[in-house]
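Undergrad: Same order as they appear, the protein sequences are chains A and B. Letter by letter, the first sequence follows residues 1 to 325 of the working numbering. Letter by letter, the second sequence follows residues 1 to 292 of the working numbering.
It is worth saying that the hints were derived from the structure and are not from the lab. Possibly wrong hints are sitting among the right ones.
[To be verified] In silico BS3-like cross-links for lysine-lysine, where the CA-CA straight-line distance does not exceed 30 Å:
{"no.": "1", "chain 1": "A", "residue 1": "324", "chain 2": "B", "residue 2": "101"}
{"no.": "2", "chain 1": "A", "residue 1": "315", "chain 2": "B", "residue 2": "135"}
{"no.": "3", "chain 1": "A", "residue 1": "75", "chain 2": "A", "residue 2": "5"}
{"no.": "4", "chain 1": "A", "residue 1": "306", "chain 2": "B", "residue 2": "101"}
{"no.": "5", "chain 1": "B", "residue 1": "3", "chain 2": "B", "residue 2": "103"}
Bear in mind that the values here come from a model prediction, so they are computed numbers and not experimental data.
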Amino acid sequence: MESIKSQQVTFKVFRFNEETDYLPYYNTYVLDVTHEEVVLDILNRIKWDHDGSLSYRRSCRHGICGVCSIKVNGKGILACKSRLFDLVEVFGNEIIIEPLSTKRVVKDLIIDKKDFWDKHASVKPYLVSEIEEHPASEHLVSPHDAEKLLEADYCIQCGACHYSCPALAINEEFIGPAAFAAAYRFSADVRDEASLQRLHTVNEEAQGVWDCVKCMECAEVCPKDVNPIEKITKLHNMVFEAGIAKNNVATRHAVGFAHSIQKHGLLDEGELVRYSEGNIGVMKHIPEAIAMFAKGKIVMPWNMPKSKNLDEVKKLIKSSSTVKF
Amino acid sequence: MEKLKYALYTGCTARESTPELLKSTLAIADKLGIELILLDEASCCGASHLQDYDDFLSLVLNARNICYAEKLGLTMVTICNTCQLNTAMTKHRLDTNPELKAKVNVKLAEVGLEYKGSSEVTHFLYALIQDFGLKNLAAKVEVPLSQFNIAPFYGCHNIRPSELQNLSNGGENPYTPTSLDDLIIACGGVNVHYEEKNKCCGFHAELQSPRTAAILTGNAIAGAMDANADWMVTPCPLCHLKLDVQNHGASKALGRDVKLPVLHMPQMVGLALGCTPAELGLNHHVTKVDFV
Chain A
1 MESIKSQQVT
11 FKVFRFNEET
21 DYLPYYNTYV
31 LDVTHEEVVL
41 DILNRIKWDH
51 DGSLSYRRSC
61 RHGICGVCSI
71 KVNGKGILAC
81 KSRLFDLVEV
91 FGNEIIIEPL
101 STKRVVKDLI
111 IDKKDFWDKH
121 ASVKPYLVSE
131 IEEHPASEHL
141 VSPHDAEKLL
151 EADYCIQCGA
161 CHYSCPALAI
171 NEEFIGPAAF
181 AAAYRFSADV
191 RDEASLQRLH
201 TVNEEAQGVW
211 DCVKCMECAE
221 VCPKDVNPIE
231 KITKLHNMVF
241 EAGIAKNNVA
251 TRHAVGFAHS
261 IQKHGLLDEG
271 ELVRYSEGNI
281 GVMKHIPEAI
291 AMFAKGKIVM
301 PWNMPKSKNL
311 DEVKKLIKSS
321 STVKF
Chain B
1 MEKLKYALYT
11 GCTARESTPE
21 LLKSTLAIAD
31 KLGIELILLD
41 EASCCGASHL
51 QDYDDFLSLV
61 LNARNICYAE
71 KLGLTMVTIC
81 NTCQLNTAMT
91 KHRLDTNPEL
101 KAKVNVKLAE
111 VGLEYKGSSE
121 VTHFLYALIQ
131 DFGLKNLAAK
141 VEVPLSQFNI
151 APFYGCHNIR
161 PSELQNLSNG
171 GENPYTPTSL
181 DDLIIACGGV
191 NVHYEEKNKC
201 CGFHAELQSP
211 RTAAILTGNA
221 IAGAMDANAD
231 WMVTPCPLCH
241 LKLDVQNHGA
251 SKALGRDVKL
261 PVLHMPQMVG
271 LALGCTPAEL
281 GLNHHVTKVD
291 FV
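Chain A with its partners taken away, still in its complex shape (with noise of 0.2 Å):
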């Protein structure tokens, strides 16, 4: 029988009652803990045998269910599939256990996820389809097909990238993450007939997938590898193909990349804030283009660099486009 190892770990756990207390504050148990332990066991322990006040969700203990998500030492995590002793090893043996968010506790590590599921439901994430209440034959979905949906049918509504996204942190209309993750799973679906109008919620400014800040936060920290970042590209690139995209400087900012590397191989960067902004919206960066240009910050137009063997780049942006604007 393999011989049970153990270490000693100090935890720091959130505590905050919405109905008591004023401030929150963190609670200390030093404990031994053994390698097949995962978090759910130590919040467990701390219950039965030291505050049986403390609060947090656990339900399928097998990694499904999503309602044991968290943060340790601001990782988001789930508690039930994450072993201590991994924990320890990159962040050392002080473990904070701390809700996952913050800003919306309703007592311990349990939030109120109420923005979450509002976001979620905004982008119809089910199949609309019209089917027949009586149908001849099976609507079936090929293999090749099916691998369109990438991993998106993994998600388990945790929340542990929208709660980790730094986007939406700041700007609290952004649709986030794992709600565009579920955009993408239906839209990408051949039996679904709602996918243009997912594609006008994820398009428009501020909510949609364009005030993404490409951090990457959401692929690292989810924990059943739905790899959202890549989810939004596709989003990006769906709304360019169904023709949908506005005219606006998000739209612009992609698009002029094309265009400076047709012209320079090299981006343009005046040029692309320019384009981006237009003639009125550039104005706005003046100032910070005159603290540039004094530091030599600022290739003239003239001056602009290009890559050696420009008419190669030319040719393949001509040959390999896929798109138009």
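With the hints as your guide, set chain B onto chain A.
TA: Quick look at chain B alone, frame taken from chain A:
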């Protein structure tokens, strides 16, 4: 030690708005005896925005860039995190998907090129740490930066997603990155701990979501200031543009004055190696580098 030699993919920024990055990169390579061959044929990586518009086109163009490193038989080094991400992502997708690779090669054949997958792609930061070695670097330090508290700012696209980045960054954990901290220590400096060091600077949403971008920039500088940093250092020119040029907007969005000198990673190494401010292009900074 055998002389290190790499194909340098400069990216666009180092040739335009951050000339000091290219200058300081070449200066420290010279000091350390590292040979860098500039990939002048390379085009823009698309910075994740071309990818949003036309994914296949971006794959073809990035593959073409790698082809030129392959022709030289060298590892490609990048000096911009976003170039690193987009190039490494292209390489990974082509190396793991023969069908896609074949499709891209049909296009590249039109200009007489073939993507093979034979060159590695790594950021100069990791080439310095893994290939040159921190001990060797520390041995070359002439002016230890011991009087400075230095705040490392990692930049997202060198550390996330770790599944991809760990192929070239020595297994750096994105939640507890150490490379830049280790480099600061090797240069004799004091590394500062602060929560924002591995967070986003907001650069990629700057035009379409200026408030979000400004607050993220502000949070980063404020975090470093509150941790008592004298200055910041970053391996990414895009983070540098946000932190160095746009602290006014960040201060306004945050309702608090935030401002710190920000050095590019090779500028910091250059200072420790005894390069002059002119050799490192310190005159190109908008936020004055007032400590040298």
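Undergrad: Against each hint, give a clear statement of whether it holds in the structure.
TA: Here is what the structure says about each hint:
1. A:324 to B:101: 23 Å, holds
2. A:315 to B:135: Status violated; Cα separation ~47 Å.
3. A:75 to A:5: Roughly 25 Å separates the two Cα atoms, so the pair holds.
4. A:306 to B:101: Status holds; Cα separation ~27 Å.
5. B:3 to B:103: With a Cα-Cα distance of about 37 Å, the restraint between residue 3 of chain B and residue 103 of chain B is violated, given a limit of 30 Å.
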